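K.L.:
Quick note, the sequences are listed as chains C and A, same order.
For the first sequence, my numbering puts the final residue at 209, and the numbers step up evenly by one.
For the second sequence, my numbering puts the final residue at 421, and the numbers step up evenly by one.
One side only, chain C facing chain A, incomplete, derived with CB under 7 Å:
1. Ser-57
2. Trp-81
3. Met-154
4. Ser-191
5. Gly-195
Derived by calculation from the structure, the hints in this document are not laboratory data.
Treat the numbers as computed from the prediction; the structure is a model and nothing was measured.
Ideal placement from N, C-alpha and C gives every residue a C-beta, glycine not left out.
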Amino acid sequence: MLLAVVQPWPEGKQPTDAALMEGILQGDTGALEALYDRYGRPVYSLVLRIAQHPSSAEEIVQDVFLQLWRSADRFQISRGPLEPWLFTMARNRALDFLRLKREKQRRREDSDSDILPSAVVCPDPEGDIDRSRRAEQVRALMISLPEAQRRAIELAFFEGMSHSEIAEAMGEALGTVKSWIRGGLIRMKESLAEASS
Amino acid sequence: MTCEQLALLYEEYALGVLEGRERAELEEHLARACPNCTPGIAKARWVVVQLTANAADAQPPASLRAKIMDAAKASPRTARNDVPAVSARPIGKPKPIERPQPTSQGAMFPAWAWAAAAALALITGYTIRQMNNQNDQLAQLRKQMKLATAQNQALQNQLDMDHMVAMVMMSPDSMPLKLMPKDKNMPMVHAYLHPHMGVAITAEEMPSMPSARTLQLWFVPKAGKPLSVAIFHPDAAGQIALVAPVNMPRDEIAALAVTEEPAGGSPQPTSAIAWMAAVN
Chain C
13 MLLAVVQPWP
23 EGKQPTDAAL
33 MEGILQGDTG
43 ALEALYDRYG
53 RPVYSLVLRI
63 AQHPSSAEEI
73 VQDVFLQLWR
83 SADRFQISRG
93 PLEPWLFTMA
103 RNRALDFLRL
113 KREKQRRRED
123 SDSDILPSAV
133 VCPDPEGDID
143 RSRRAEQVRA
153 LMISLPEAQR
163 RAIELAFFEG
173 MSHSEIAEAM
183 GEALGTVKSW
193 IRGGLIRMKE
203 SLAEASS
Chain A
142 MTCEQLALLY
152 EEYALGVLEG
162 RERAELEEHL
172 ARACPNCTPG
182 IAKARWVVVQ
192 LTANAADAQP
202 PASLRAKIMD
212 AAKASPRTAR
222 NDVPAVSARP
232 IGKPKPIERP
242 QPTSQGAMFP
252 AWAWAAAAAL
262 ALITGYTIRQ
272 MNNQNDQLAQ
282 LRKQMKLATA
292 QNQALQNQLD
302 MDHMVAMVMM
312 SPDSMPLKLM
322 PKDKNMPMVH
332 AYLHPHMGVA
342 ITAEEMPSMP
352 SARTLQLWFV
362 PKAGKPLSVA
372 IFHPDAAGQI
382 ALVAPVNMPR
392 DEIAALAVTE
402 EPAGGSPQPT
412 SAIAWMAAVN
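Turn these sequences into a full structure, and let the hints guide you.
P.N.:
Here it is in structure tokens:
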């Protein structure tokens, strides 16, 4: 007996994020699977970098995609693409976890016995070309920045620190930190705009 | 702060580093779905999430996909069109509310109990009045603290802005420009054009301006219409010190110009150029 594989979009043509979100709204788990296949890996990489713990990262990523499933009606494609919405949600969840962990560590003196395994680094075999190119560009830009400026931006993005917390952590003047971050973000914005034009 | 001033902060807000008054003002614009700031922040979020590229690429465990799909299947979504219009609660005949039978209160409570209740009511009223007074004092203190914090933040912002102006001015990559006034009685405006940090504008002894008017800085391109860069007012001492982003490649800028515009700025200049400098 032959089993037909039902594919809601033409073969070889990738559905847009908006189409997949519409599928989720209709209760189609296949649409969620397709979004996980598209974004699961970069979302996991981001969350692991922030949470620094694979099992916690797994829980957070699961939580993020289930939130996407349950709260798809809150997302409106007319107000912007899915990517920033999804990654911002993942980053916020991971930073919340990090803050909670730090708070617990502050309260408890006993050290965490878990050994932090390093991330499994492997090439991206089927990543979206545009996303890969953008990622390469952002990495190149960050490498080109002076060490302190790069560190300030990383403390903000991966550790969720504010201007004044970064200034305190780095022992620098608040105005200097603000200039570093603003300058770095402006350069990144220009570089991404040039690439997309 | 105007949308144009806040636009400088969109990426910092999306990154989560913004604090104090700047953050509060931007959130106030977002809370009222500001038509400039809401899409601006959406774009800034897209820029900021690109920093994800700096996280080492990591392969999630194969079991994670199955876990997510199992959990999603266990909590199926209701298709949007299938949402029932009425509550799914079983409909039945409502149970009548049982009311206590009336009793004779006079027989139940003696006179001394009524006196005690009256005294208690008096004490309660007095206590509530005292609490209200204390709440008023507390609200007054909070208001004063809020004002002091806002003043402190304004000073800090000014210091930060001065610091940024100084950084742009001192950078060897900055191109210094003198914006000459059309009116010889007006002071000169200095500009420092930096390819990444922005354009710094400084001036002294500027005449005061009515609140209904503003100064607006433009990039005049070699071809096409002028592009608004910033709107600004001289401070009480007649000084100007600000940094605005460079939103046009330097080699496309033919000149920098300042015009006087209605408060809030104009999409295109509506008055004659008051200051100008050619960019070589």
